[in-house]
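Visitor: Residue numbers (my numbering), protein chains in the order written: chain A, 2 to 267; chain B, 566 to 827.
Hints in this document: simulated from the structure, not taken from any laboratory.
There could be a bad hint or two in this list.
Examples of chain A residues toward chain B, derived with CB under 8 Å [to be verified]:
hint : residue
1    : Q85
2    : R91
3    : L119
4    : A142
5    : L260
6    : G264
A quick note: this is a predicted structure, and the numbers were derived from the prediction, not measured.
Glycine included, each C-beta is placed from N, C-alpha and C at the ideal position.
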Amino acid sequence: MDRGRLNKLPSAAMAPPVLEVDQLMVDYGPVRAVDGVSFQVFAGEVVGLLGPNGAGKTSLLSVVEGLVAARSGRVTVAGVDARQHPAAARAQMGVQLQQTAFQPDLTLIQLVRLYGGLQGMALRPAEAIAGLERVGLHSEARRRFGQLSGGQQQRLALLVALIHEPALALLDEPTTGLDPQSRRELWDRIERLAGEGTGVVLTTHSMEEAAALADRLVIMHRGRVRATGTPEGLVQEFQDDALGARSPRGPVTLEDVFLTLTGGAQ
Amino acid sequence: MSEAFTGPRPAPSVRRAFTLLAAAELAGMAKNRRSLLWTTAVPVAILVLDVSQVSGRAPTQELWSFVAWAAVMGAFVLGLLGYSTDLVGYRERGVFRRLRTTPVPASLILVVRGMAALVAILIEFLVVVTVAMVAYHVHPTVATVTGGLGAVALGGLSAVALAQVIVARTARAQSATALARLVLIVSFFLNGTFIRLQVWPVFWQHVAEWTPVRLADGVLVPTLQGQSWGPTVWHYAAGLTAWIVVTGVVGVVAFRWEGGDR
């Protein structure tokens, strides 16, 4: 990744965050899915949200997206209170969901124009095709969404999520099911996106992806934040800790840190 | 992309969002030709079956009552069964979830879906009338067709709103579809489709009189027959409107956007 970007973070941190989550709690009936989570994301920063299944990552993102009501806490997107003004907050963010889903009978041009329009943009067909070209889908422009492969669907989802150049991008496991080539292409796009100043929250189960893309990691377990820091910083911290991770296969890795924090270590 | 990529912008107006969503729904509907064909085939088949049971040439007024019944059945099959299946499909696939991440009000998404279903119901009605004109030589006036469209719209909206309540209150696709089928069969039963209403106990005849299918039939038949609306028809229309308002509000406010148990 472009590690030069890390050098920009201290100055970026001087500006208000594009996402501020403060003491957020989410309940599903008697189950507390998110328990007092706080973190910030700044412009141009990629924050990796890690955690095992059921850690509360998707619930947390769902509150930010305005899809799920929080029990308490505060979420601010580009200065807009997302709980008080969810529509205004959603206008500032681009969302790629874990499950990529669009109207199956619409063509890619129609989908790009529709979702661009719903984000406040009036795109002509030529502009929609130009957008599709950016993700290598221009030759599929007149095909229906339901006819695309999984990788193509993911690329379209990313295009649609970012077409309005949001201040904040929420990418929920965007590379799941992609072949290595498509995954690398998507990584490049995420890096470019952050380079252009968008704050990115990325959830992933891939430690390789987290280490390659994220400037900072937030590791969640059972609804709580267990650790935050840069990938290198977290590894270093655990390497220096006598009670920390014990890697059975040489030097401590990010995966060792993750497993130790989330109770998966042997 | 001159306009694109210039930074975040305000959410679109409700009118613009409505136009975009409606255009997308209609485009999707037009592409699904097999579904459209099937949709129009049901009421046409009902009309042909009904007319075939009459020996000789059916009187015009009776033909119109057959057209009305075919249109009402078609509207409820499409509105109740087809629309609930569509809603569940969007929910299960996550299309609703995706749409709700845009700044558009969630209720608008449902309203547009419902209106698209209504358009399909109105097209279905026009197809039935056209078949009746060509095959059975009925000659409707513009006023009859216009009034019929209004009456079908009322009946169709009641079916759509009822479907919305069903999907709002059921967590799983199978439950929603099964419940929609059950409601459909009970509705037809209460309209005397399987056992003539006249042989029912009086109490049940009164109950049946206020069900949406019966009310829609009660409004559409006199409209297509060119009769002026008397107090009874106005009562039917008012009853249908009440159904639409109550179920429409419940269906939108209490709508379950996510499938599954959570």
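Visitor: Please name the hints from earlier in the document that this structure breaks, with their numbers sorted from lowest to highest.
Guide: 1, 4, 5, 6
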